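Number of protein chains: 2
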Amino acid sequence: MTEPAASDAAASDAAASDAAASDAAASDAAAQVVVDDDLVHAVAELIEAGHRGLVLNLVADLRSADVASLLQHLPPDLARAAFRWLPEDITSSALPELESAERVDLLDGLSTADLVALIDPLATDDQADVLADVDVAQVDDVLVQLEDSQDVEALLSYGEDTAGGLMATEVVAVPTTATVAEATEAVRSNADAVDPVFAVYAVDLEGRLVGVVPLKRLLLSPAGRPVAEIAETDVVSVEPDLDQEEVARIMERYDLVALPVVSAGGRLLGRITIDDVVDVIREEAEEDLQRAVGITGEEELSSSVFAVSRGRIVWLMLGLAGAYVSGLVIIGFDQALQVAPVLALFIPIVMSTAGNAGIQSSAIAVQGLASGDLWRGDLARRLGKELAVGLLNGAMLAAALAAVVVVSGFGADTGRLALTAALALMIVIVLATLVGATVPLALSRAGIDPALAMGPFITVSNDILGLTIFFATATLLYL
Amino acid sequence: MTEPAASDAAASDAAASDAAASDAAASDAAAQVVVDDDLVHAVAELIEAGHRGLVLNLVADLRSADVASLLQHLPPDLARAAFRWLPEDITSSALPELESAERVDLLDGLSTADLVALIDPLATDDQADVLADVDVAQVDDVLVQLEDSQDVEALLSYGEDTAGGLMATEVVAVPTTATVAEATEAVRSNADAVDPVFAVYAVDLEGRLVGVVPLKRLLLSPAGRPVAEIAETDVVSVEPDLDQEEVARIMERYDLVALPVVSAGGRLLGRITIDDVVDVIREEAEEDLQRAVGITGEEELSSSVFAVSRGRIVWLMLGLAGAYVSGLVIIGFDQALQVAPVLALFIPIVMSTAGNAGIQSSAIAVQGLASGDLWRGDLARRLGKELAVGLLNGAMLAAALAAVVVVSGFGADTGRLALTAALALMIVIVLATLVGATVPLALSRAGIDPALAMGPFITVSNDILGLTIFFATATLLYL
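Heads up: the sequence lines are chains A and B, in that order.
Just so you know, we're using this note's numbering here: the first sequence kicks off at 1 and counts up by one.
Just so you know, we're using this note's numbering here: the second sequence kicks off at 480 and counts up by one.
By construction, these hints were calculated from the structure, which means they are not laboratory data.
Some clues are possibly wrong.
Simulated restraints, written as ranges between beta carbons of each label pair [unchecked claim]:
no. : chain 1 : residue 1 : chain 2 : residue 2 : range
1   : B       : Asp517    : A       : Glu232    : 44 to 50 Å
2   : B       : Gly638    : A       : Glu232    : 32 to 38 Å
3   : B       : Leu898    : A       : Ser408    : 31 to 37 Å
4   : B       : Thr893    : A       : Asp38     : 54 to 60 Å
5   : A       : Ala380    : B       : Trp564    : 45 to 51 Å
Negatives, chain B to chain A, calculated, CB over 12 Å [stated by the list, open to error]:
no. : residue
6   : Val583
7   : Asp593
8   : Asp755
9   : Ala877
10  : Val884
11  : Asp928
Note that this is a predicted model, so its numbers are computed, not measured.
Here a beta-carbon is modelled for each residue, glycine too, at the ideal position from N, C-alpha and C.
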């Protein structure tokens with residue numbers, strides 16, 4: 001037999017979605033995110049009261065990610081206490097789901113034997129990630145005692161932000177000469193180590209990747225058929241030194257759930273699964289936004305006050321220095337300000353509007369570069385478009401500002417003031433828009449993170465540029 | 480037989496990765512992103528010269544996402560021409576990969592019959608997405624002619640940013656009473672419609688989801704075993720009206736590649752696959768960044784100049800208005816400026832440093848809310864930490880500024896000037912940091928997109944606040 005096609009179910013359900021009352025119980029069975037403030041408070045109280053059994057009951061029903069979330073929201077001392085007496089299988093599987101700063105804190109002070117017991121059950125990619133947060137004095141001792149120590153050591157040799165740093169060495173691989181039945185047995189014998197399995201990789205005698213058999217095809221093919229006949233040979237693969245952003249772009253672009261990693265010689269080394277790449281995409285987006293607001297390093301919610309301060313102060317100091325230069329520009333034009341003190345009214349307008357326009361065009365360029373849709377070669381087309389946008393928005397803003405000046409009325413000086421403000425604003429906006437669009441592409445070409453272009457650097461440059469243009473215009477028209 | 484475990488391959492390869500020269504050919508076989516400027520120019524010239532056969536040869540080797548990328552980078556008229564004479568199977572599969580604005584452009588002017596032929600082969604979720612970009616006058620005519628028109632119409636009834644808007648109705652579902660052999664047959668009979676298959680869903684007589692059988696488990700279980708015995712019953716599922724950000728958080732949190740969607744009554748409606756959620760995560764991150772720089776709507780690289788201008792001008796105008804208020808603050812304190820014109824030096828410093836500090840703390844709060852790691856209940860802990868960071872960084876910046884003032888030397892006034900600047904800066908930074916951390920949580924609680932807190936709104940408020948505090952301090956100390 002076959003089955004009730006879900007497509008029919010969807011259509012009929014949409015038509016009669018009111019018959020819901022009687023089967024509400026089924027909905028309760030659908031598990032969701034269950035860790036919230038209430039649970040955290042309840043667990044915290046139970047830990048403090050020493051009710052270990054009750055805590056265990058609550059935690060045993062949670063998924064690993066939820067255990068991690070719970071640990072992260074508990075007061076640090078209670079989290080450490082719970083982490084030490086919860087069963088190892090629970091804490092071990094929660095480890096990869098924790099933020100790095102939290103993991104460092106929880107692992108601190110554990111014996112080497114405890115660390116080995118916690119880390120050994122994990123997949124090799126997670127083992128490598130967790131080891132990075134172990135006290136450096138203990139890492140080597142832990143490493144040698146791991147079952148897959150050679151693999152994990154190899155993984156640790158790759159850069160953290162590369163394909164090698166993302167991959168796990170556990171894969172199901174069979175010779176091209178294997179049959180479907182033999183490939184199925186390979187899935188079975190690796191069932192614990194490789195989970196989930198999306199495909200079986202076919203390799204030649206030297207271990208080079210030559211094809212991929214999706215699990216569905218394996219399931220539907222006769223047992224005696226050679227794998228070589230059903231493998232897809234047009235395989236997307238990457239080498240271990242490829243940057244993780246590029247890995248993410250490839251998996252995203254081709255809708256892959258697993259991506260094999262091969263050596264320069266084509267030998268199969270491991271695979272990257274989509275769940276790790278989803279984390280990369282989120283991390284890179286967070287990093288871009290942090291660069292945009294002038295945070296260096298990678299601030300996490302659990303970072304210490306000093307780590308947070310250190311990550312933020314660099315650009316605040318540089319911003320302060322830049323703003324001091326802006327201040328000197330203003331002081332430098334004090335003749336104009338003495339002749340017409342009302343010009344000071346336009347200092348914030350020029351500064352903030354130029355900054356806003358510039359950061360808008362740079363954000364679009366940074367996003368295009370991050371998603372891979374914008375190429376460095378697209379510069380001319382991009383500038384043409386941004387010029388048009390800058391002229392259009394500059395004209396509207398200049399007109400609005402001139403109108404405000406005229407309506408406010410500044411006596412006999414109104415006309416000249418409106419002209420000065422509108423003209424300067426127009427020039428400043430067009431320039432800021434073009435600078436914002438150009439700098440990310442230039443940085444990318446120079447191998448620098450283009451997201452820096454959205455940071456205080458560009459804002460400060462635009463401020464200095466904007467104020468200079470404004471006061472130069474004013475000097476021209478007033479002195 | 481089993482197979483050479485890849486974990487061995489990885490270790491031995493890392494040790495002997497120098498034997499690569501002889502098998503470099505294998506590496507060439509690994510397909511990568513192949514669309515670049517050169518290919519685009521070559522194809523453009525071939526189209527202009529009318530060499531259809533050669534273009535077809537080049538395009539036939541590309542994956543759908545690469546065809547889409549090629550169309551997106553060709554000059555618009557050539558893209559339209561190519562889209563019209565390339566084979567329907569190629570253009571059809573490229574459609575879901577295109578940006579929305581590009582799709583509108585390419586589909587414009589096609590006959591209803593052509594649109595049906597292009598859209599019908601797609602999965603239902605893609606059909607619904609593409610239909611959203613079809614000329615409204617044609618949508619109904621196209622819809623009724625689609626094979627799955629009922630399903631697609633049901634999908635179109637869900638909000639674009641909800642689970643229902645993301646899901647496809649194609650799933651493999653079997654009754655709980657089915658055997659493994661019957662479930663395998665169900666995979667086979669749905670092989671064309673459901674691709675990739677990750678799991679078979681077990682449903683009761685009313686079509687309610689009761690369990691999930693991962694494909695690996697199906698592959699490894701005896702043919703006669705009932706599905707009910709091997710299904711996982713702890714199933715994460717969502718209802719169709721759930722926001723897509725929440726869907727992404729759930730799939731990300733539990734490392735899911737497919738997520739079933741059920742009605743309020745628990746009836747299986749369809750499934751969401753991770754590839755669509757990866758796009759959501761990227762889109763939501765892009766949207767957050769665009770909100771942060773004051774872009775309304777969703778600007779794409781292919782958006783028209785007028786659409787771009789419209790998306791950017793709203794906040795530029797509001798920013799202009801806010802900056803005008805800042806200007807009025809400066810003018811309002813002109814007494815202080817007349818007594819000590821050198822105070823103007825500090826206007827940009829107060830403005831830009833307050834803005835930078837505020838946007839830093841708001842960015843962290845926005846990211847925490849987006850990833851689900853920061854809860855609204857965390858406000859007190861968050862504020863305590865941001866207060867500490869604000870005090871620390873404020874003290875350092877105030878000290879640096881005071882030092883600069885002292886070193887620069889402003890005659891007899893140096894002491895008072897250093898005190899004014901340092902004191903005002905310190906207060907402004909602490910306040911801006913706290914405001915930046917609070918506003919996203921407050922917006923989130925009010926059901927407003929917290930990313931708006933990073934936008935011009937907060938910058939402008941901080942400017943006005945900062946200038947007022949600075950001049951109030953100056954007035955106190957100078958007048």
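Consistency of the hints with the structure:
1. B:Asp517 with A:Glu232: 44 to 50 Å: violated, 27 Å
2. B:Gly638 with A:Glu232: 32 to 38 Å: Holds, since glycine 638 of chain B and glutamate 232 of chain A (Cβ atoms, about 36 Å apart) stay within the stated range.
3. B:Leu898 with A:Ser408: 31 to 37 Å: Since leucine 898 of chain B and serine 408 of chain A have Cβ atoms about 35 Å apart, the given range 31 to 37 Å holds.
4. B:Thr893 with A:Asp38: 54 to 60 Å: holds, 57 Å
5. A:Ala380 with B:Trp564: 45 to 51 Å: Violated, since alanine 380 of chain A and tryptophan 564 of chain B (Cβ atoms, about 28 Å apart) do not stay within the stated range.
6. Val583: holds, 17 Å
7. Asp593: holds, 25 Å
8. Asp755: Since the minimum Cβ distance to chain A is about 9 Å, aspartate 755 of chain B lies within 12 Å and the statement is violated.
9. Ala877: violated, 10 Å
10. Val884: Its Cβ does come within 12 Å of chain A, the nearest being 10 Å, so this is violated.
11. Asp928: Given that every Cβ of chain A is farther than 12 Å from that of aspartate 928 of chain B, nearest at about 14 Å, it holds.
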